[in-house]
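Student: Each chain is listed here by its residues.
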Amino acid sequence: MGRLLLHRLGGLAVTLLLSSMAIFGSLYLAPGSPEDVLFGSRAPSAAARAAVARELHLDRPLPVRYWDWLTGVLHGDLGRSMVTGQPVTSRLGHGLGVTLALVALSMILVLLFGLGLGTAAALRPGAVDAATNALTSVSVTVPPFVASTLLISVFAVRLDWFPASGIGTGAGGEIRGLLLPACALAITNCAFLARVTRNALREQLEREHVQTALVRGLPRWVVLRDHVFRNALPPILTAVSLLTSGTFATTLVVETAFAVPGIGQLTITSVAQKDFPVVQAVSLLLVAAFVICNALSDLGHALIDPRLRTAGRTT
Amino acid sequence: MSVDAVSVSGLSKTFRVPDGKGGHIRHMAVDQVTFAVEAGGSLGIVGESGSGKTTIARMLVGLERASGGSMTVLGRDRSTPTRRAVERNRRARELQIVFQDPYTSLDPSQSARAAVDEVLRHHAKLTAGQRPTRTAALMEQVGLTERQADARPRDLSGGQRQRVAIARALAAEPRVLILDEAVSALDVSIQAQIVNLLADIRAATGMAYLLISHDLAVVRQLCDAVLVLRRGKVVEQGSCGQVLDAPVEDYTRRLRAAVPVPGWRPGS
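Chains as they are written, first to last, in this note's numbering: chain A, 1 to 315; chain B, 316 to 583.
Among the hints, a few may not be true.
Unchecked claim - Sample of chain B residues facing chain A (criterion: CB under 7 Å; computed from the structure):
| # | residue |
| --- | --- |
| 1 | V401 |
| 2 | N404 |
| 3 | S424 |
| 4 | V434 |
To be verified - A partial selection of chain A residues facing chain B, derived with a Cβ cut-off under 10 Å:
| # | residue |
| --- | --- |
| 5 | A43 |
| 6 | G116 |
| 7 | L205 |
| 8 | V215 |
| 9 | V222 |
| 10 | D226 |
| 11 | Q273 |
Rather than coming from a laboratory, the hints here were simulated on the basis of the structure. Glycine included, every Cβ here is placed at the ideal spot set by N, Cα and C.
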C-alpha cells in the first residue's frame, strides 16, 4: 500500500511536469503575443514594445522562461495577472474553493441518485428497470449547457426559487446558489452512473455463486452486501473517478452559464483576455484534478481488494 | 421405516421457448418424474445433455419453480420456492448442492476459509471463537492445506476449487447433498480423487447423495441406485448393478455403449 502510494505520487509529479511543459509551450506558440494584450488596440513604437518584452522577460529563450516560471511555481509564486496585476495565487484562491464546493455538491447528487437509481433498476427487473432505463436514456443526452438553460428558465426565472446568476453570501447562500449549477452538472453524470451501477450489479447478480448463495441459506441482504456490491464496486469506483474529473472540466461551461465565480469562469475570462499566467495556472489545476482523481480511484481499488485484478475491471 | 431423504412425485417443468416464428412453444424439460432417495442412500440421475437432469436439481434447491408435481426433502414439502428467510435457512440445512463449474460457483474475492466461515455464521450454533476450529476441520476433511484455505479461487486449481465448494456445502451440515456434474469439469486423475473424497464423506456422515452425471463410471462408483432420464422422462430406474449391467431399455444400452473403454477406437 505504501509503495503504491509512493508510485502514485511519483506519477502525479511526472504528469504535472509534462503537462506544465505542454501548457507553457502551447500558450506561447499560439498566435497573439502577451505584450499585444497589454497594448490593447494601441499601436506601440518598436522601442516601447521591446521595453515591455524585456520587462516580461519575453526576449529570453522559451526554455529559460519556462525554467523561471517553474521555479516560481515550486516556490508558490504563480506570477501576476497581466490584466489586473494581482498575484495569480490570490485570484485562484477564492475561485478554487467555490469550484471545489460545486464539484463536491454535484458529485454528492450523482452518488445519491446515480447509485440509487442503478441499484433500484438492478434489483427490480420489469417496470422499475424499464422506467429507470427510459429516464437515464433521456437524461444522458442532456448536456450541461442545455441543462443549465432549462434549469435557469424554470427554477430561477419562472419559479424564482434560486438565483439565476452568481452565488449568495454565507454558507447557506452559497449552497443555495450552487444547487442549480450542481444539478446541471449532475444530470448526465447521474444517468451514466445509474447505468454503470445497474450493469455492474446485474452482472454480479447473474453469477452462479450469487444465485446459489440464497440456496446456502444466507440472508438476502448479506448476499447483496458481501457478494453483489463488493464485487460490483471496481467498475463503479472507476466510473465515479472519471465522472469527478470530467466534472472539473465541465465547470467551465456551467460556471459561465450561472456566473459562478469559480475556476471555470476564471479560465474562460482569462483565455478571452489572453491573461497567460492565469490560464497556465488554471490549466495546470485541471490537469492536477484529473490525475488526483485517477490516483484516488486506484488507491480505492487497492483498498477494496489488493489481489483483485480480474473481477469486475472495466478496462 | 424412516422417511426418505428425497421424495419426488410427478415432477414436471415446462419452459416457454421462442418457436422462431415470433410465438412461443411449451417445452417439457421435466415430464412426470417420480423417484425417491432413501435416508443415507444415493441415487444417480444419468442422461444426455438436455435430458432435464439439472432442471430437477434446480427445482429441488428452489432456484426454479416446478410446473407440477411435488417434492419433499426429509419428509418436508418444498414443492414451491420460499421467500421467507427462516424457511430458506432451514431448507439449506436439509439439502445442499455442489455445481459443475467450480470457476463460477465461488466468489472470486472470497478465500476458501471466508466462504466456509460465512456459511457457518448463518447455520451452525457456534461462537466466533469456535468457528475457526470447525473451519479448519472442514478444510482437513476435504483435503485442503492451510495455505490453500487462505487462497482466492483464482490461485487454486479446478480440483482444489471443487474441494472448496464441497467444504462450503458441508458447512451447513446438510442431510442430503446434490452433486450436479460435480466432477465432470475435472480431469480424470483429479476426478478420481474427488470421487474418493465424496465416497469417504458419505461413509463418515451418512449423508444421502443425489448425483447428477452423464458419466456412468462415476455413478457406478458412488451410487446404489440409478435413474435414466431421456427428454425429461424416466426411461429406466433400478439398482446400479441391474440397470447398468443388464439394461432393459435401448436408450440405456446406447448410453452405455457411448462410454469409451480400453481398446476403444474412434470410428470403429
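Student: If a hint holds in the structure, say so; if it doesn't, say that too.
Tutor: Status of each hint after checking the structure:
Taking 7 Å as the C-beta cut-off, the interface hint given for B/V401 is violated, the closest approach to chain A being about 10 Å. The closest approach between the C-beta of B/N404 and any C-beta of chain A is roughly 4 Å, which is under the 7 Å cut-off, so the hint is satisfied. Against a cut-off of 7 Å between C-beta atoms, the interface hint on B/S424 holds, since the closest Cβ of chain A lies about 5 Å away. Nearest Cβ of chain A to the Cβ of B/V434: about 6 Å, under the 7 Å cut. The hint holds.
Given hint, A/A43 at the interface with chain B, is violated; its Cβ is 70 Å from that chain's nearest Cβ, farther than 10 Å. Contact between A/G116 and chain B, as hinted, is not supported at the beta carbon level, the nearest pair being about 24 Å apart and thus beyond 10 Å. At a threshold of 10 Å, the smallest CB-CB gap from A/L205 to chain B is about 13 Å, leaving the interface hint violated. Contact between A/V215 and chain B, as hinted, is supported at the beta carbon level, the nearest pair being about 5 Å apart and thus within 10 Å.
Given the 10 Å rule on beta carbons, the hint for A/V222 holds: about 7 Å separates it from the nearest Cβ of chain B. Interface hint status for A/D226: upheld, as the beta-carbon distance to the closest one in chain B is roughly 7 Å, under 10 Å. Nearest Cβ of chain B to the Cβ of A/Q273: about 53 Å, over the 10 Å cut. The hint is violated.
Checked against the numbered hints above, the structure breaks hints 1, 5, 6, 7, 11 and satisfies the rest.
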